[in-house]
Amino acid sequence: MRLSRLRGENNEGLLAGLIILLVLMMGVVEPGFLGPATLTNVVRSLLVDLTFALGMLVVIISGGIDVSFTAIAIFSGYGVIVLMNDLGADGTVWPFALAALAGAVLGGLNAAMVAGLRLPTLIVTLGTQGIVRGALIAFVGSQYLSNLPTGLESLARSDLFAVTTGGGTARMTLLALPVAVLCVLVALLLRSTMLGRSIYAIGGDVESARRVGIRVGRVQTFVYLFAGALAGFGGLMHVTLSRQANPYDLVGSELDVIAAVVIGGASIFGGRGSVLGTVLGVTLIAVINNSLVLLGVPSAWQRLAVGLLVLLGVGLQALGQGRRKSPPILAEVRS
Amino acid sequence: MPETAIVLRVRGVRKTYGGVAALRDADVDIRRGEVHCLAGENGSGKSTLIKIVSGVEQPDSGTITLDGHDVGRLTPTRAVELGIQVIHQDLSLFPNLSVAENIAMVARVASRRRLVSRRDAMALARATTERLGVSLDLGERVENLPVAQRQLAAICRAFAHDAKVLFMDEPTTALTWREVDALLALVDTLRAEGLAVVFVSHKLEEVFRISDRVTVLRNGEVVHAGEVKDLDRPTLVRVMTGQDVTEDRDVTGLPPDARPVLETRGLGRRHEFAGVSFSVRAGEVVGLTGLLGSGRTEIAEAIFGMRPADTGDILVDGEPVRVRSVHDAIRAGIAYVPGDRLTQGVFLGQSIRRNLIAGSIDRLISRSGRLRGEAVQRTVTTAVESLRIKTSDVSAPVRTLSGGNQQRVVLGKWLARSPRVLVLNSPTVGVDIGSKEGILQVLRDRARAGMGVLVISDDVPELVSVCHRVLVVRRGRVVDEITSDRMSVQAVTDGLTG
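Residue numbers (UniProt numbering), protein chains in the order written: chain A, 1 to 335; chain B, 1 to 498.
This is chain A alone, in the form it adopts within the complex:
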């Protein structure tokens, strides 16, 4: 009983245990691993995926799936840089606001098709991915930009804090702050707002949601606009952190994010998932990738590890269902 509670509603406890185990094992193999530098590196490497994953979480809970977010992200991120260069403008906060806005507008395409026409989300977002990506290369630009505006350039180098140890200086990027705030906001949205609970309700049963008077179309519209905004925000963050704008980036890496959300306990059928689980799912994948890099394992193995984790995550969900078996019918005869 107590053990099952430790596992958490969506296996969060199990995930946390797995991460700790992995970190300890790495610490034994590679003593340098257990330091502040690892923490800051891992955080830096997961920020973009975590931002995407928060949007994906909301979409998946609502019973949908979104494969267009990477295209929306790079369109917004790259587009904002091109615009800033063309205008000769500079800044730090407004470019992110603009990127999020651009993402929301592009997400509106999904919203219109899913909420308005009630089309299946996978097909709709596949279409959107193609349109957005094509439009980016055709109309916005196809050139690799190696220089960012100075505001973003300095943001990439800004630290929330820095710790200097014998091995060097570990810097926590300032961008961790807005992502942390986003995590808290999404958690509050999902837990304590009618909108958030409606998203769970729709993911549980759309028809029932309609029947109790939830405005399903409105909620779905919000979901895809919100996922689009997060994608746009994450896209510019990706560009900023990598200090280059490459229009060919990101697209193709959708599965990593979907995998992280599913490993984090969100049900691919909708209605289930948590921010904590998603954070842990993204962290687990980041830790694995980081460890494997440190051990000098080829990247093909990283793909393999993530694939195994997805199966493990889905398998655990299935096992969780199996455990809740109905009690025996037969009254056993006591001899």
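Just so you know, the hints here were simulated from the structure itself, not pulled from any lab data.
Where a beta carbon is used, it is the ideal one built from N, C-alpha and C, also for glycine.
Take the hints with a grain of salt, since some may be wrong.
[Stated by the list, open to error] What follows is a list of derived Cβ distance ranges for each label pair: (1) A:L145 x B:S117: 44 to 50 angstroms; (2) B:Q58 x A:G17: 50 to 56 angstroms; (3) B:D120 x A:R218: 18 to 24 angstroms; (4) A:L185 x B:Q58: 38 to 44 angstroms; (5) A:L174 x B:N144: 41 to 47 angstroms; (6) A:R157 x B:D120: 43 to 49 angstroms; (7) B:R331 x A:G108: 56 to 62 angstroms; (8) A:S253 x B:E374: 54 to 60 angstroms.
[Said to hold, decoys possible] If we take Cβ atoms under 10 angstroms as the criterion, some of the chain B residues that face chain A in the derived model are: (9) V56; (10) V80; (11) H88; (12) S92; (13) P95; (14) A110; (15) V116; (16) S117; (17) V142.
[Stated by the list, open to error] Incomplete in silico selection of chain A near chain B, CB under 10 angstroms: (18) R191; (19) S192; (20) T193; (21) G270; (22) R272.
Fit chain B to the supplied structure of chain A, relying on the hints for placement.
Frame of chain A, contents of chain B only:
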């Protein structure tokens, strides 16, 4: 009765779908503090009426007034806000959310609040369950509850937000006798609280037990409205079906030398049932009854190899057969018509013809692997005629048929194999009275032709009407056998509730 007592008034409501009138100028009055039964066969317009008063569909013409005010154009959200609640047959709960949150959901939507908390949901749910005297595990997810408790949760949800009129669509279909009793007691409580409860049902016993007044629909028209006490059972059936339908016991005596076609000896499966021994003779209809969760369905599924037994033997025509899979059972001459017709028995989107031959394709293909058109035609024609499937076009999808006719298609699929033993699980659930008797007649005919028939059901009048013997299952064991000389509704009911 003063006018003010009428809470919901429907006047001249008309609705047509593609030229077909589903409702024609229907007038219905629902009074405060009454249990009103909306009776009628499938396709009579009950569902359309519910859809219109709950805002799901817009009427072509007509008005709806609630407490004397015209409600105007209804949407589902508006209907909920006004206090019109519908508990659909599928309950429309959220399986992924807790009982408390499900109960609080309607009130939350209606309150238009933006922020919500678990604690508020819990408090509302607790207050509601206490007021109704219902005990539920409020923290549990709905998907982990048995059906009867989900039903209670759905009622609590409707009640939690000040409902004025509560429609319950076929609320007892998935419940067992004892659970129905509990439900009806709860409906009494709701009535005492001043709610108008509209019961949609075609189980006649319930109509008479609980309802104060009844409105009967037939072919989209209101054909009767009035006090239930002024009606008797045959009259109500006649009003509903427009014809005389008998529900009397009709069983042909068996020849003394009738040989058993199906026997089980000490059949058992861990945790589910044990020591199940019985026989079904050629020409005999045997009932297997028990409460939901008694193991009755599990026994049937073991005989058909869906979930094979661990111990014991199954004999067909006196020969032991090994039933480890559905394939084994079919080869041994056993056919099974499942309880959940829609998910297990029929391909809804496929044509009637394809459904009818789906069970016997192996017999209808030629050496070269093609379907023999002539043989297919013969099978389909035989089935349509002998089962009296009402259709003009066998290439139409099964979805277009009524519930009773769909069930005949499922039967036809199996009868095409001419099995030795026909096992049926709840064969008339969701089938209206007119068609029900027709299906029972098919079973009688097959038995007379020498087939052994095993009917799993908890519809007592049906069992009494068709069965030679009824076996009672309780907690995984056959505990009683009601033979022809003892057979009565009372005897079977007593056996069921133990």
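Hint-by-hint comparison with the structure:
1. At roughly 47 angstroms, the beta carbons of L145 (chain A) and S117 (chain B) sit within the given window of 44 to 50 angstroms.
2. A hinted range of 50 to 56 angstroms for the beta carbons of Q58 (chain B) and G17 (chain A) is consistent with their spacing of about 55 angstroms.
3. In this structure the hint that D120 (chain B) and R218 (chain A) lie 18 to 24 angstroms apart at CB holds, the actual value being about 23 angstroms.
4. Take L185 (chain A) and Q58 (chain B): their Cβ atoms lie about 39 angstroms apart, and the range 38 to 44 angstroms holds.
5. Under the hint 41 to 47 angstroms, the C-beta atoms of L174 (chain A) and N144 (chain B), about 45 angstroms apart, fit the expected range.
6. For the pair R157 (chain A) and D120 (chain B), the supplied restraint of 43 to 49 angstroms holds, since their beta-carbon distance comes to about 47 angstroms.
7. Distance hint for R331 (chain B) and G108 (chain A): a CB-CB separation of about 58 angstroms, consistent with the stated range 56 to 62 angstroms.
8. For the pair S253 (chain A) and E374 (chain B), the supplied restraint of 54 to 60 angstroms holds, since their beta-carbon distance comes to about 59 angstroms.
9. Among the interface hints, the one on V56 (chain B) holds; its C-beta lies about 8 angstroms from the nearest C-beta in chain A, closer than the 10 angstroms criterion.
10. Look at V80 (chain B): its Cβ gets to within about 4 angstroms of chain A, closer than 10 angstroms, so that hint holds up.
11. Proximity of H88 (chain B) to chain A holds as hinted, the smallest CB-CB distance being about 7 angstroms (cut-off 10 angstroms).
12. The interface hint given for S92 (chain B) is met, as the beta carbon of that residue sits about 4 angstroms from the closest beta carbon of chain A, less than 10 angstroms.
13. For P95 (chain B), the interface hint holds, since its Cβ comes within 10 angstroms of a Cβ in chain A; the closest pair sits about 6 angstroms apart.
14. Taking 10 angstroms as the C-beta contact cut-off toward chain A, the hint placing A110 (chain B) at the interface holds, the least distance being around 7 angstroms.
15. About 5 angstroms separates the beta-carbon of V116 (chain B) from the nearest beta-carbon of chain A, less than 10 angstroms, and the hint is met.
16. For S117 (chain B), the suggested interface contact is upheld, since its CB lies about 6 angstroms from the closest CB of chain A, less than 10 angstroms.
17. With a cut of 10 angstroms, the hint placing V142 (chain B) at the interface with chain A holds, because the nearest CB-to-CB distance is about 9 angstroms.
18. For the restraint placing R191 (chain A) at the interface with chain B, the shortest Cβ-Cβ distance is roughly 8 angstroms, inside the 10 angstroms limit, so the hint holds.
19. Interface restraint check: S192 (chain A) against chain B, minimum CB-CB distance 6 angstroms, threshold 10 angstroms, status holds.
20. Look at T193 (chain A): its Cβ gets to within about 6 angstroms of chain B, closer than 10 angstroms, so that hint holds up.
21. A cut of 10 angstroms between beta carbons decides the hint on G270 (chain A): the least distance to chain B is about 8 angstroms, and the hint holds.
22. A least Cβ separation of about 5 angstroms between R272 (chain A) and chain B falls short of the 10 angstroms threshold, and the interface hint therefore holds.
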